[in-house]
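Q: Chain by chain, the residues:
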Amino acid sequence: MIPTPHVDWLAISAPLSLLTSGGVALLAAVLIPSGWRRTFAAVVCALGFAAAIVFAAILYAHSADGQAVIGAAIQRDRLAALSQIIIAGAGLLAVGTAFSEPMRDDHVAEYFGLVAWAGAGMTFLVSANSLMTLFLGLEWFSISLYILCAIDVDLAGSLEAGLKYLIVGGFGSAMLLFGSALVYGATGALRFGEIANAVAAQNLSHDALLVAGLALMIGGLGFKASAAPFHMWTPDVYDGAPTPVTAFMSAATKTAALVLTMRVLVTAFPQEARLWTVTIAVIACCSLAVGNLAALVQTSLKRMLAYSSISHAGFMLIAIASNNALGGRALLYYLIPYSAMSVGSFAVVAARERELSRPVTVDGLAGFGWERPLLGVSMSIFMLGFAGFPLTGGFVGKFYVFAAAYEHGWTWLVIVGVAATAVSLYYYLGVIRAMYMRPAEELLLAQPVAVVGGSPPAERVLQTAVTGALVVTVGSFFFVQPLIDVAKHAAASIF
Amino acid sequence: MHWLSTALILLPIAGAICIWILPLSPFAVGSAALLVSLAEVALWIDSVARFDFSKPGLQLDQQTSWFSDLHVSYHVGLYGFSLWLVGLTVVVMAAAIGYAFWAGRERPRAYYGLMLLTTGALVGVFAAQDLLLFYVFWEAMLIPLYVLVGVWGGAGRLRATLLFVIYTMAGSLLMLASIIVLGLSQGTFDLANSGTNGSDWIFLGFVAAFAVKAPLFPLHAWLPEAYRESSPEVAAVLSGVVSKAAAYGFLRIAISKFPGPVSDFRTPILILAACGLVYGSLLAFRAPDLRGVIAYSSLAQMGLIMFGLFAVNDLGLNGAVLQMVNHGLISATLFLLAGGIERRAATGELSRLGGMARGRPALATVLMTTGIIALAVPGSTAFAGEFAILSGVFFTGWGYAVVGAVAIVLAAMYMLRLISAVLHVSPGPSVSEAALDLRPAELGFLVPLVALLLVLSAWPAAITDRSFVGSPATTISQAFR
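Order-wise, the sequence lines are chains A and B.
For the first sequence, the residue numbers in our numbering are 895 to 1389.
For the second sequence, the residue numbers in our numbering are 20 to 500.
If you are wondering where the hints come from, they were derived from the structure by calculation, not from laboratory data.
Predicted model only: the values in this text are computed from it and were never measured.
Hints are not guaranteed to be accurate.
[Stated by the list, open to error] Okay, derived cross-link-like pairs now, SDA-like style, lysine to any residue, Cα gap no bigger than 20 Å in a straight line:
1. K1382(A) / S87(B)
2. K1382(A) / S84(B)
3. K1382(A) / T1161(A)
[Said to hold, decoys possible] Here chain B is said to cover these stretches of chain A; the calculated rule only asks that three of the stretch's residues, wherever they fall, bring their Cβ under 8 Å from a Cβ of chain B:
4. 1201-1210
5. 1324-1330
[Claimed, not checked] Example chain B residues on the side facing chain A (calculated, C-beta under 8 Å, incomplete):
6. I162
7. L177
8. C294
For every residue, glycine included, the Cβ atom is placed at its ideal position computed from N, Cα and C.
Assemble the whole structure, with the sequences as input and the hints as a guide.
A: Set out below in C-alpha cells:
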C-alpha cells in the first residue's frame, strides 16, 4: 500500500475551483446550444475566478503562519494566497475582455475552459514548495497558454504566435527542468527548504553543479517572466495572440513567474544570495534597457505594450534583487496596479481592434479618446500609471521598488530605474498624444470604416472590466496602507 | 489640525470631477468652472483672514498618515509666503478661466476640468509638507498642463509639448531619486519635522527639477515653444504660476534643507541666473512677437528671482517673494492681453501691429499700466521687489547687483518697445479700424489683476512684512522649524 499524504484541501482550493470551472465550461462545448455557449462558458469561467479569489482570501486569513502541506509539496502561506488573488483578479478582468471577442462559436467554450485551467496552473505554481510541483505548475499553465495563443484560427499570426511560444517556452521549461535536475543532483533534495538546509549542511555554496543549476533555473524562470535576455518570444507572441489572451498572459503569467522566482531564490538559495542578487539585478537592467529602448520604435500598439511589459519585469526584478522584506513588499504591491493596468490597456486595444477590424497601431488610436471617453480616459490613466505618474498605483509601486533597492545599498539601481522611467515617458505619452492631440484632418483619415456615421458597439462587459481595472489602478494609489499591510504580511512568509 | 488647506486643494479637484461627470451645456460648464475658481478665491481670502501672521511655523495644517512603513503622510499647511503664492495661483487661475470662458474653447468639459485640476495641483504644491506629497502634486500639475498645451495649443503644439514634458520630467525624475534617498536616509519624508542634509548630489537632484521648471538658463529651451504654442491663458498659468512653483521649491526645499551645498553651489547658480537675466532681456528686446517678448522677459525675471533667493539674506528673500507675486501677476496680465490683441489682429507679430491706442482707451490704459509696472518704474511694486533683491544680492557680490541693474535698464527697453509697437507708431497692416476696444468681459478679468498690482505698488509691505515671521534668513537657516 502506498502511503498517501494528508491533503489540506484549503491550500489547493483556488486551483481546484478553477479546474472545476474549466471542466464545466468544457462540457458546455458539447451540451449547450451554440447560441448560449459563449455566455454560459464565460459566466462559469468568471465564477471560477471569483471562487478562487474567495478561497484565496480565506486561505490568506487562515494562514498567518506559513506551513508546508500535502507531503511538503505545497506551501500554505499568505504569499501564495495574495498571489492567487492577484492572478484570479487578472483572470476575472480578462474574462470580461474576452467576452465579446469576435471568435467562432465552436471554440468559445474551449477558450474559456483553457483560461480557467491556465489560471489554475498559475495559482498552483505560486504555492509550489518543491522542484516537482514547480515544474508541474509551470507546464500546466504553459500548455494551456500555448493552445490559447493559437486558438483563433481566423486570426493571422495567432498560429504562428502559438508555435513560437510553444518552441521558445518549451526551451525555457527544458532549461528549468535541467537546472532543477542539477540542483537535485547537487543537494539530493527537492523541497525548497531542504535544498537550503542541504547547501548549509554540506557546505555546497561553491559547488559548481549547484551554481550551474541555479543559473539554469533563473534562465528558465526568466523566459516565463519575459525578462531580457530571455524575452525574444514576447513581442511576437503578445502581438500574434488574440488580445484577451495577451491581456491575461501579460498580467497573470508575470505575477506567477515573478512570485515563484522570488520564493525559490529566497527560500531555496539563501546561501547563494551574493550570486543571484547580482544576477537578477543585471537581468533587471537588461530588461529595462531592452524593453524601454525597443518600445520607443514600435508602431504596433500590442508590440509596444509587450516591450513595456518586459521593462516592467525589469522593475519588478529590481525588487527581487533587493532580497529584503521591503523588496518582497514592493514586488507584491507593484503587481496589483501593474496587473490591472496591463489587462486594462490590452482590453482597450481589444475594443479598438473590434472597431477597426484590423491590428491597432499607435496612429490607429487617433481620435479614439474623443470617440470613446471612458476607454480613452482609462487608457490615458493606464499609460500614466505605467510611466509611474502619481494618482496611480504605478507611482507608489515604483517608489517602493526604488526604496527597496536603496535599502539594499544599490543607489545605482535606483538611478538606472529612474533613467528607464524617463525613457519610457516618450512612448507612454505618445499613446495619449495619438488619442487626443492629433490634428483634425489626420483624425478623419484614421476614422474607422465601420463606425463612420454610427456609434461604436457598446460592449458593456468590456467596459465594466476596464472600469474595474481603472478602479484598482487609481484606488491602489489612495489606499496604499491597507494594500501594503497585506503585501507586508504576505512577504513576511518568506523573509 | 485645520481643514482649510485641504479644502483649498480639494475644492477645484472636486469641481473638475463634477464637470467631467455631469452632462452640462458648454455655457453651463464655463460658468460652473468660473464659479468654482471664484469660490476658491473666496476660500483663500478666508484663509488669509484666519492666518496669524505674527505666529511662526506652519499654520492651517493637517496631517494624516498615508503609508506608515516608510513614514509618508498626507501633511499640508501654509507659511506666510506660501499663502501669498497660493493667492497668486487662485487669482491667476480665476482670470485664466475667465479668459477661456470669454474666448470660448472647444470640448469645454475636458478643458475646464483640466484647468481646475491644475489649480488643485498647484495649490497642493504650495501646501504640501511631505516630500512625497510634494512630488505627487508636482507631477499631478504636469499632466493637465501637458494635455492643455497639446490639445488646445497652436500648430506647433506637438513639438512644444514633447520638449516641455521631456525637459520637465528629466528634472522631476532626478528629484524623485533625491526624494527617495533623502527620505529614507533621514527616516521620514516630512518636510516640516526634519533637519538639514549635506549631500551635494541630493541637492543637485532637487535643483535639476526646479531649474528646468523655473527655468534657469541654460535649461530654458522648452520655454519659448511652450509659451508661444499654448493658448494665451495656459501661457499665463505657465509663466505666472508654474514657474513660481519652481522658485517656491528652491526656497522651501533646496535652500532651506541644504545649507552646505547651497554655499558650495551659490556662485555657479548666481552666474547662471545672471546669464539668464541678461540673455533673456536681450532676446526679449529682439523678439519679433508679443509672446516672445513676454516669454523671454519671464526667463529674465526668473533670473532676478534666483538672485534674491540665492543671496540668502533678509532683503533678498523678502524681495524674491514679493517679486514672485509681482511677476506672476504681471506676466499673467500681459499674456491675457496678448491673447486679446492676437484675437483682434490675428497675429502677434510686432511688425504687423501698431497704433492700437487710438480709439481704444481701455486697452491702452491696461497695457500701459501693466507695462510700466513691469519695467519697474520707481513707485511700482516691481520696483520695490527688484530694489530689495538687488540690495540683497549686493551683499553677496557687487557684480551681481551691477548685472541686475543693467537688466532693469534692458527691461525698460523691451517693455517700452512692446508698448510702442502695439499702441503707438502708425497702425500696422493687421490692425483694422473695426478692431474693438477691450470688452467689459475682458475688463472683468484684467482689471482685478491690474488693481492688485496697483494695491501692491501702494503697499508692498503687505507681502514683505507678512511672508516670514522675523528674519527670513534665520527662518531658512533653521529649516522652517
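Q: For the pair supplied as a hint, K1382(A) and T1161(A), confirm whether the alpha-carbon distance does not exceed 20 Å.
A: holds, 17 Å
Q: Measuring from the C-beta of I162(B) to each C-beta in chain A, is the shortest one below 8 Å?
A: holds, 6 Å
Q: Min Cβ distance, L177(B) to chain A: is it shorter than 8 Å?
A: holds, 6 Å
Q: Between the alpha carbons of K1382(A) and S87(B), is the straight-line distance 20 Å or under?
A: The hint holds at about 12 Å.
Q: Would you settle whether the hint for C294(B) is holds or violated, based on the nearest Cβ-Cβ distance to chain A being less than 8 Å?
A: violated, 26 Å
Q: At least three residues with a C-beta closer than 8 Å to a C-beta of chain B: is that true for the region 1324-1330 of chain A?
A: Per the Cβ count (3), the hint holds.
Q: Closer than 8 Å Cβ to Cβ for three or more residues is the test here. Does the region 1201-1210 of chain A pass it with chain B?
A: violated (count 0)
Q: Compare the distance between the alpha carbons of K1382(A) and S84(B) with 20 Å, and conclude whether the hinted pair is satisfied.
A: holds, 17 Å
Violation of the numbered hints given earlier is confined to hints 4 and 8; the remaining hints are satisfied by the structure.
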